[in-house]
Each structure stands twice: as C-alpha cells, then as structure tokens.
Amino acid sequence: MSLGFVMSLIEVNAVSKAFWIPSVRRDTVREHLLGLLQPRQFQRLQVLDDVSFDLRPGEALGVMGRNGSGKSTLLKIVCGVYPPDRGRVHVRAAVTPILELGVGWNPELDAVDNVLLIGSVMGLSLRQIHQSMDEILTFAELERFANLKLKHFSSGMSARLGYAVAFKAVREVLVLDEIFAVGDAGFKARCEERYWALRALGHTVIIVSHDPRVISSFCDRALLLEGGRIMMDGKAHEIADRYVSMLTH
Amino acid sequence: MTASAGTKLESTPSAPAVADPAARAADARPAVVRAGLIWTLVRTDFKARYHGTFGGFFWALLKPLTMFIVLMAVFSFLFASNPTYKLDLIVGLFLWDFFAEGTKSGLTSLHARGFLLTKARFPSWILVVTSISNAVITLAVFCVVIAIFLIAAGHPPGVAALVAFAGYCAALIAIVIGFSLGSSVLFLRYRDLNQVWDVVVQAGFFFAPIIYPLGILPERFHIYLYLWPPTPIIEFSRAALVNGVIPTRAAHLYLAADAVICLLLGIVIFRRLGPRAAEYL
Chain A
22 MSLGFVMSLI EVNAVSKAFW IPSVRRDTVR EHLLGLLQPR QFQRLQVLDD
72 VSFDLRPGEA LGVMGRNGSG KSTLLKIVCG VYPPDRGRVH VRAAVTPILE
122 LGVGWNPELD AVDNVLLIGS VMGLSLRQIH QSMDEILTFA ELERFANLKL
172 KHFSSGMSAR LGYAVAFKAV REVLVLDEIF AVGDAGFKAR CEERYWALRA
222 LGHTVIIVSH DPRVISSFCD RALLLEGGRI MMDGKAHEIA DRYVSMLTH
Chain B
2 MTASAGTKLE STPSAPAVAD PAARAADARP AVVRAGLIWT LVRTDFKARY
52 HGTFGGFFWA LLKPLTMFIV LMAVFSFLFA SNPTYKLDLI VGLFLWDFFA
102 EGTKSGLTSL HARGFLLTKA RFPSWILVVT SISNAVITLA VFCVVIAIFL
152 IAAGHPPGVA ALVAFAGYCA ALIAIVIGFS LGSSVLFLRY RDLNQVWDVV
202 VQAGFFFAPI IYPLGILPER FHIYLYLWPP TPIIEFSRAA LVNGVIPTRA
252 AHLYLAADAV ICLLLGIVIF RRLGPRAAEY L
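In order, the protein sequence lines correspond to chains A and B.
Every number in our numbering is 21 more than the matching position in the first sequence, counting from 1.
Every number in our numbering is 1 more than the matching position in the second sequence, counting from 1.
Hints are not guaranteed to be accurate.
To be verified - Dumping the calculated EDC-like pairs for lysine to aspartate or glutamate here, alpha-carbon to alpha-carbon at most 20 Å:
1) A:172 to A:129
2) A:170 to A:129
3) A:256 to A:131
4) A:170 to A:155
5) A:256 to A:232
6) B:48 to A:131
7) B:105 to A:48
8) B:48 to A:80
9) A:209 to A:156
If you are wondering where the hints come from, they were derived from the structure by calculation, not from laboratory data.
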C-alpha cells in the first residue's frame, strides 16, 4: 500500500499465518517412533488471515485485540522472528523489538555481560554498548547489581534491564509488546519520558496493548484485530473505545 | 532474509525518513555489529562454562588428559609391539575429543541460546557456529600438547606435516559445523536427539580407530570405518605427524568431499528449517 509521496517504513501486505496443532504432541524421536502406527489428527489454527497495513515515518501505531487475536504473532512477523506463511512484509528500517520481557537472559552471566549480549543482538556495536553501559544500568536502577548474575535477579529487575537496553538500542522503529507493564511508578514515568523523547526525535513505534488508556495516550493510529483479521483501522482513541465496547457487549 | 516458499519477508536497512540524523550517523556498520556479536558470544560462552577463569578452563582439559593417561596405561601393554602407540593414541584421542564436544555443543546450541532468537532478527547461524568456539580453543591447546609430545618422542613434525594437519583440522571443524547446523534445528523438533547422539558418540568412539590401530582389523572392513567422518581425519593426522607420510591426493580428495558434503548438508537443513526455529522454542 502506498501513501502518496511518503514511503512507508513497514509495509505488511496480505500476511497470513497458521499453526498446525496436533491431537497428540510428539517432541522426541522416541515418541515419533512409538507413534508410527498411530497417525495424529492436526487442527489448523489460523492466527493471522490476510492482514495488511503500513507504517509511515514518525507514526505511532497501536495494535489491540483479545487474547488469541494474533497481536503477538503479528509483532513477531514484523520483527522477522517468525516468517509469514503467505503475504509480504517489507521493512525499510532497523526494527528494535521489546518482546517477552523477563525471559531472554543468560542466567549464568552478570548484568554487564547480558547487556553486551542483548545489545549486540539488537544491533549495537560493542563500543556503543560500553559507552552506554552506565546510562543503561542507571535507567534500570541496577548500578549496584552490575556484576550480579541474572539468576539472582527478580523478574521485575530483568524486565527493567530489558527496557533499558532496548530504549538505548532504538535506531528507527521501536516495537513494544505490552508497554510499561513492568516496574514501579518511578520506572514507568521514566519509560514514558523516554518514549516521548524518542517520538520527539521522529522515531516510529508499534505498541501492542490491552490497555485502552495506553493506546489512546501513546498512539496516533491503531488496529483492532479479531480472529486474525483487521476488524478496524483508525484513530487510536476510536479503536480503544471500540475495543472496550467489544469486551463489554 | 530467508523465508519459506511463497513468502516475501524483505528488509532494506536504510530508512528513507527518520527525524533523528544524529542517531543514524552514530549507527555502527553491520560488519562491526556482527563481529561484536560473535566476540561477545564466544567470550560469554567461555565465561559461563569455565566460570570466567583460566583455572576453570584448565580444569576442563583434565578430562581428556586423564582419559589419555588411563587408556595409555591399559592399552600400551596390549599394543606393546607398536612403538608409536602412545603418539597415535594422543593424536586420535584429542581429535576425537574435539569432535565429541563440538557436536554435542552444536546440537543444543539453538535451544540453549533460543532466548536470543526471540529478541530480534539477526543471522541465527552465528549462534550455532560460535557454540563450538570452546571446543576449538581446546583443540588449539591440544595441538600444542601434541606437538610437545611429538618433539619429546623424537618425532618433530616437518612443515609439510604441519600444513597437512592444519588442513585436517579445518576439515574436522567444517564437519562439526555442518553437523551442528543440521542437528541444532532438528533438536528443536526432536528433543531427545541429544540422548540419541550421546549413544552414537559412545559407539563411535570404538568404531573409530582411536584406542586400537586400524591395521588389526581385516582390510575389507576399513572402507566402512572410513565412512565415519573422524576416521580419515585421525588416520591421516597420524600418518602425517607420527609417521611423516603425507597421504595421497586421492585420500585428500576423499576427505575434502567428506567435509564439503557434511557442511553443505548441514547448510541445506539449516536453511530449510532455520527460519521457523523460533516457532519451536
């Protein structure tokens, strides 16, 4: 889809994704061999069906929908973590995702090494990470725990560190799954401050949330997903209202 | 970006319009970022495995060294007529140790580092290839140990032998990388593949001529033993380093074909199943 002379940063065209759910799960060679004479039934679960949208530079797009509507799968496809079954995703910018916070650390390494690892994966050079290390640890309020192994961190501490690294790693597009769902009021306020600073610099954002307040406050535009299809694409506050009425009726 | 049939998932890293030129100007080149990621994976893997100390690393070397001492104590009496048995044993044992450790690490590499796969999009083969870095470091240390043994035993290797041995090590690394690429994505679908491989490795230790000379078996069986990838590498290395005999061109062609087939097979399986790896985590 083309929007006049402004080239989209992300174009999602007719994307579909399905998972095949077996009647009996077999994860091992032994289970497959023992089950050779017992064929399984597979049920097709259509998670996304012919989804299309685009994202222009500087835009903040919200994605809403009930559990199982395909929000997280859509984010993973946009971020390149999952390939789509059909359709096309064209990404013209560096995407920094914050997905599944709290899982994604090496528990045997300390905070500094984990920051180096995740920062490298997110596209930062070692020099950039070393230069930003103090800032990252300060943002996460973990300066005192820099050399503590992650296995001793609480889930909240790990999540704060995840946000701190990702906010530093953002280059063009930031993708957030359940924004600001972690930390105390002070940390949330710092995240919001950082979010608006990034928006002021012109960064583009995609936010998935169940919270109508988050979508109305932080997004310009939003999508409402239902059963893997886009039910509505419009202004953020309209989508938030529609989502609330969908849940209450 | 790889994708399944009928899929288009394209990426053009240069953004046409972002209002933060300072951030873009500070962007590191992809090659620098990738080099940093590789180095960080190698360093943190070493640190996590050996508790960040060289003492931990040398402690890990004790396992194959102890194995060498025990096997030498037992079998050097059995093969007392072979004057180079101890040297043959140390060459075979250390090359086997790399093969066994490298393939075991490679097989579980994507699962062990799966948390990174769901974080962002990056070439996932890096996770597999760097997972054998510890085994490569150990192999390098053992190469020095082998050289010391050879010199002490009055068999200093010549330049041609060292060059040939370097080639054999490269072929072995290619075989281990090929196996790791293929098995790492299969392990996500078959979670007991590591147990199956453990059994294969145990049997393979005796199938390869490590503790016994190949010559004690009837020649008609040799061809079957050579089908097991570590066998030609161990035999050729012994010929070059211990006996000072460089194997024939045909032998080298066979080894090269063996390594290339293993590597290509691993790449094909990885390219086919790798794009969906995150769905199996």
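Hints versus structure:
Pair hint residue 172 of chain A plus residue 129 of chain A holds up; C-alpha atoms about 6 Å apart against a cutoff of 20 Å. Taken as a hint, the residue 170 of chain A and residue 129 of chain A pair is honoured in the structure, with Cα atoms around 6 Å apart against an allowance of 20 Å. A C-alpha spacing of about 43 Å is found between residue 256 of chain A and residue 131 of chain A, which places the hinted pair above 20 Å, so the restraint is violated. Straight-line distance between C-alpha atoms of residue 170 of chain A and residue 155 of chain A comes to about 17 Å, which keeps the hinted pair within the 20 Å bound.
Restraint check for residue 256 of chain A and residue 232 of chain A: the C-alpha separation of about 15 Å stays at or below 20 Å, so the hint holds. Between residue 48 of chain B and residue 131 of chain A, the direct Cα distance comes to roughly 10 Å. Compliance with the 20 Å bound is thereby established for this hinted pair. Of the pairs offered as hints, the one joining residue 105 of chain B and residue 48 of chain A holds, with about 19 Å between alpha carbons and a cut-off of 20 Å not exceeded. Taking the CA atoms of residue 48 of chain B and residue 80 of chain A, the gap is about 42 Å. The hint is violated against a cut of 20 Å.
Under the criterion of a C-alpha separation no larger than 20 Å, the hint pairing residue 209 of chain A with residue 156 of chain A is consistent with the structure, at around 17 Å.
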